[in-house]
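Undergrad: So the chains spell out like this:
Protein chains: 2
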Amino acid sequence: MDGNGKKALKREIEELEQELALLQRRCRELGIPVLIVFEGWSAAGKGTMINRVIQPLDPRGFKVSCIAAPNRDEQLRPFLWRFWRRTPSAERMAIFDRSWYRTLLDDYVAEELDEDSLSKALDDVVAFENQLKDGGTVIFKFFLDISKEEQAERLDKLRKNPATAWRVSDDVLARHCKYGQYKKATKRLIEATDLPASPWKVIDAKHVTSANASILRCLVKVLGKRVTALATDVPKQGPPPKKDLPVFPTAPSLKRVDLSLSLDRDEYRKLLEKRQKRIGELHDEIYHRRIPVVIVYEGWDAGGKGGNIRRLTEEMDPRGYEVIPIAAPNDVEKVHHYLWRFWTEFPKAGHLTIFDRSWYGRVLVERVEGFCSEADWNRAYGEINEMEENFWHFGAVVIKFWLQIDKDEQMNRFKAREKDSAKQWKLNEEDWRNREKWDLYEEATEEMFLRTNTSYAPWTVIEGNCKRYARIKALDGVIAAIEARIAEED
Amino acid sequence: MDGNGKKALKREIEELEQELALLQRRCRELGIPVLIVFEGWSAAGKGTMINRVIQPLDPRGFKVSCIAAPNRDEQLRPFLWRFWRRTPSAERMAIFDRSWYRTLLDDYVAEELDEDSLSKALDDVVAFENQLKDGGTVIFKFFLDISKEEQAERLDKLRKNPATAWRVSDDVLARHCKYGQYKKATKRLIEATDLPASPWKVIDAKHVTSANASILRCLVKVLGKRVTALATDVPKQGPPPKKDLPVFPTAPSLKRVDLSLSLDRDEYRKLLEKRQKRIGELHDEIYHRRIPVVIVYEGWDAGGKGGNIRRLTEEMDPRGYEVIPIAAPNDVEKVHHYLWRFWTEFPKAGHLTIFDRSWYGRVLVERVEGFCSEADWNRAYGEINEMEENFWHFGAVVIKFWLQIDKDEQMNRFKAREKDSAKQWKLNEEDWRNREKWDLYEEATEEMFLRTNTSYAPWTVIEGNCKRYARIKALDGVIAAIEARIAEED
Numbered sequence: 001m002d003g004n005g006k007k008a009l010k011r012e013i014e015e016l017e018q019e020l021a022l023l024q025r026r027c028r029e030l031g032i033p034v035l036i037v038f039e040g041w042s043a044a045g046k047g048t049m050i051n052r053v054i055q056p057l058d059p060r061g062f063k064v065s066c067i068a069a070p071n072r073d074e075q076l077r078p079f080l081w082r083f084w085r086r087t088p089s090a091e092r093m094a095i096f097d098r099s100w101y102r103t104l105l106d107d108y109v110a111e112e113l114d115e116d117s118l119s120k121a122l123d124d125v126v127a128f129e130n131q132l133k134d135g136g137t138v139i140f141k142f143f144l145d146i147s148k149e150e151q152a153e154r155l156d157k158l159r160k161n162p163a164t165a166w167r168v169s170d171d172v173l174a175r176h177c178k179y180g181q182y183k184k185a186t187k188r189l190i191e192a193t194d195l196p197a198s199p200w201k202v203i204d205a206k207h208v209t210s211a212n213a214s215i216l217r218c219l220v221k222v223l224g225k226r227v228t229a230l231a232t233d234v235p236k237q238g239p240p241p242k243k244d245l246p247v248f249p250t251a252p253s254l255k256r257v258d259l260s261l262s263l264d265r266d267e268y269r270k271l272l273e274k275r276q277k278r279i280g281e282l283h284d285e286i287y288h289r290r291i292p293v294v295i296v297y298e299g300w301d302a303g304g305k306g307g308n309i310r311r312l313t314e315e316m317d318p319r320g321y322e323v324i325p326i327a328a329p330n331d332v333e334k335v336h337h338y339l340w341r342f343w344t345e346f347p348k349a350g351h352l353t354i355f356d357r358s359w360y361g362r363v364l365v366e367r368v369e370g371f372c373s374e375a376d377w378n379r380a381y382g383e384i385n386e387m388e389e390n391f392w393h394f395g396a397v398v399i400k401f402w403l404q405i406d407k408d409e410q411m412n413r414f415k416a417r418e419k420d421s422a423k424q425w426k427l428n429e430e431d432w433r434n435r436e437k438w439d440l441y442e443e444a445t446e447e448m449f450l451r452t453n454t455s456y457a458p459w460t461v462i463e464g465n466c467k468r469y470a471r472i473k474a475l476d477g478v479i480a481a482i483e484a485r486i487a488e489e490d
Numbered sequence: 001m002d003g004n005g006k007k008a009l010k011r012e013i014e015e016l017e018q019e020l021a022l023l024q025r026r027c028r029e030l031g032i033p034v035l036i037v038f039e040g041w042s043a044a045g046k047g048t049m050i051n052r053v054i055q056p057l058d059p060r061g062f063k064v065s066c067i068a069a070p071n072r073d074e075q076l077r078p079f080l081w082r083f084w085r086r087t088p089s090a091e092r093m094a095i096f097d098r099s100w101y102r103t104l105l106d107d108y109v110a111e112e113l114d115e116d117s118l119s120k121a122l123d124d125v126v127a128f129e130n131q132l133k134d135g136g137t138v139i140f141k142f143f144l145d146i147s148k149e150e151q152a153e154r155l156d157k158l159r160k161n162p163a164t165a166w167r168v169s170d171d172v173l174a175r176h177c178k179y180g181q182y183k184k185a186t187k188r189l190i191e192a193t194d195l196p197a198s199p200w201k202v203i204d205a206k207h208v209t210s211a212n213a214s215i216l217r218c219l220v221k222v223l224g225k226r227v228t229a230l231a232t233d234v235p236k237q238g239p240p241p242k243k244d245l246p247v248f249p250t251a252p253s254l255k256r257v258d259l260s261l262s263l264d265r266d267e268y269r270k271l272l273e274k275r276q277k278r279i280g281e282l283h284d285e286i287y288h289r290r291i292p293v294v295i296v297y298e299g300w301d302a303g304g305k306g307g308n309i310r311r312l313t314e315e316m317d318p319r320g321y322e323v324i325p326i327a328a329p330n331d332v333e334k335v336h337h338y339l340w341r342f343w344t345e346f347p348k349a350g351h352l353t354i355f356d357r358s359w360y361g362r363v364l365v366e367r368v369e370g371f372c373s374e375a376d377w378n379r380a381y382g383e384i385n386e387m388e389e390n391f392w393h394f395g396a397v398v399i400k401f402w403l404q405i406d407k408d409e410q411m412n413r414f415k416a417r418e419k420d421s422a423k424q425w426k427l428n429e430e431d432w433r434n435r436e437k438w439d440l441y442e443e444a445t446e447e448m449f450l451r452t453n454t455s456y457a458p459w460t461v462i463e464g465n466c467k468r469y470a471r472i473k474a475l476d477g478v479i480a481a482i483e484a485r486i487a488e489e490d
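Chains A and B supply the protein sequences, listed in that same order.
Note that the first sequence covers residues 1 to 490 in the numbering used here.
Note that the second sequence covers residues 1 to 490 in the numbering used here.
Next comes chain A alone, as it looks inside the complex:
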């Protein structure tokens, strides 16, 4: 490039930087989350490129995450957990210096990932990126490309400078020697994940300035389009046709529930003691075997979830379980993807997490109350199945309970709460309002069963008019699911 060409490029970059700064503010105002991934060869200049991109930005509006090997906490979670935690909110761009692709690439080249595991992992990645995109996130994936010769030269230069020599670790050199293998593996990963929602952009990183310009052009073009589209006209995404949504014919139904099932006090006490003892043992066992367990409790107000959970946990070691009560999202949760707060609470392998209400709120309360669009909750069935499948890929046991009571029983319990001063706080106007929408909730519940009763995370309806019966049935359900999982392993 001649002198004039260089000057023109510099001017273009300055203009692009100003536009990018403006677009960043507009994205924030419009609530558009932005995710930018930088992948590429060692010494390809990821650090420099990222620093150039962020310089014109308002630091309030982005966060750079550097991805190294997972720490212990991260190793004990599904591999996308640490990335889900760092997904952008509508208020802050997330910039990744390396990403979920790094782990995959390393493991693939090191042959620690067989074809089956790789293909599962790629499914999970595709679902992850599609979910973010469908939630409104704009995703950029840049791969900074340099040739083996260029890399050799750069590593050499780094090594010769005493201030930077330490950067060229044995690990980096080992990768350099395997350049060919990495190139092949990279090609495969890029092809498998070059999605309409999140296409790859391979950047020739030999010349810093022109690489910088390519990246800026891409960011400005795509963000500009999105901002214009959102600012001028909100395109209503229609719900997918119902017939395209899969159903699970063996799903339970509220119509087939026998609410007369009950247990007398003596029988209950005997069974409770036995079951709690067994749960205690199994809790030790899952810890020992590093099996994560996720238990979802859904059901009607006053359905007895609290008391049921208490009986389940009474004899467990509190160091190995946690109860996560789900209420309306707080303002940090509100600006994230709706699945974000559930992903972040995924238990460590060997631990057990009980969700007192859950992500199914999307297709229950949010659907019935209109807190999200029809397209949103229709899409949620598939997203939820994908999330649970991801948990299952990681080896989690996923148990889902619906605590069923009938309308009369609910009225009795509401009235009892009104009378009991120690329980009055448990009853509020919302409970009465929800009760008026009983039929709508019932309809939503039936569809939820039908669309999310997967083999890896099936629903169990618990007959709840008799609390004692319900508690024993939940304990039995947990015991059976964990025992089945252990039997598979042995």
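Watch out, some of these pointers could steer you wrong.
If several chains are the same, the list does not tell them apart, and a pair holds so long as it fits within one copy or across any two.
[As the list claims (entries may be wrong)] Listed next, the in silico SDA-like pairs over lysine to any residue satisfying Cα-Cα at most 25 angstroms (straight line):
1) K270 with G3
2) K63 with V332
3) K63 with M316
4) K423 with L22
5) K6 with R265
6) K157 with E315
7) K184 with R11
8) K423 with N161
9) K348 with Q55
10) K157 with D317
11) K221 with L22
12) K63 with A327
13) K63 with K201
14) K148 with R319
15) K63 with E322
16) K225 with A422
17) K348 with V332
18) K201 with A8
No wet-lab data here; the hints were simulated from the structure.
Since the model is a prediction, treat every value here as computed from it, not as a measurement.
Assemble the complex: chain A is given as a structure, and chain B must be docked to it using the hints.
TA: Positioned in the frame of chain A, the structure of chain B alone reads:
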């Protein structure tokens, strides 16, 4: 205990549990954070005790943290960092299964902590607990005590049961053998930290039920008192007499600032390039040496913080620094101690964090606008010094800049922003309102210098009327502080 005694105790426990459940709700309503620490011998029954305490509680209202050895992220932070992150909000009790005392105890017994380090660590712990207490947190510290013989018996029983044998690790056995040493060390730690704000309660843990009752009695008594006090009458805590607050006579003053200092463009360009190159080198160096660096930017609106920070970071590797812009707290931050959000952002050792505004908001905007009480901001000087001292104990370089401009210069910049469409967003009504309170802010700033200009975290006032001069002075300041720190090490 005879049969009647047992029954009476059981009844008492049931009553205490009901009271505790009620108190938990009241604490939440009144915004009282509660922190409960369980320490004690291996096999003393911490798990059982915690589970008994949480059973009657609303799971929405507590969180159990189990403290094991620190992970890599935690090792790279001051040792209280991981506990600060887990301090309770006004909405959720924090229950610790082991705590900051465990690390101290282990290191002390292993003789990895010399007397000087131990005494610094104990100072930090005392400051930590006092700060939480002064912020309104009720702190409980239970030590579950059993004799060596009792421990031997229990470990034996655990080992004989195949389901629990794995719990008796070599580590646990090693501690058991050192029972005497641990006992002595524990005594010393308990004595040094048995504070009025957070007294220890040693619980005889031989009998589960009576230990449970002791713990419940203590919780109900102390929480009951606090709830009654807060609910009936808010005691106004008077500010400490001014003469008792320490001052640092060598502190800078806005009265002695020469705002005519300036740099011409050519000189600036030359210096900028040199300084940025040097910062780049030092950034590598601190990473290599694992020195954490904390830089605070405070100053007037339109003082030039943004541009100044940009020049500081332009040549840094984005993987090693972060800019944290501080605005009004969000609703998660609001229910925590005011220092919580700053502690959580402490850089990893080897990284550099720039706070664009900071914890000094407590004694600037919060003081001037009346967002906290006079007692609160008066206490803050000491709390801030303690926090920065804690950072310093960990080896951090703490650099604090005040970007000074005069009132005329501010007016010029406001006007320029009004005219420039690309910068209009930077100016809002609040900026104009703050300007009207110039004198009050000046007074607050002067007192801030006087009370927080410690040797380990001194203030530098930057003459900012000439932006070029200010940028070079900030770069020089950072270079000098880091070079001094490296020189100390070599």
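Undergrad: Hint by hint, where does the structure go against what was stated? Just the numbers, ascending.
TA: 7, 8
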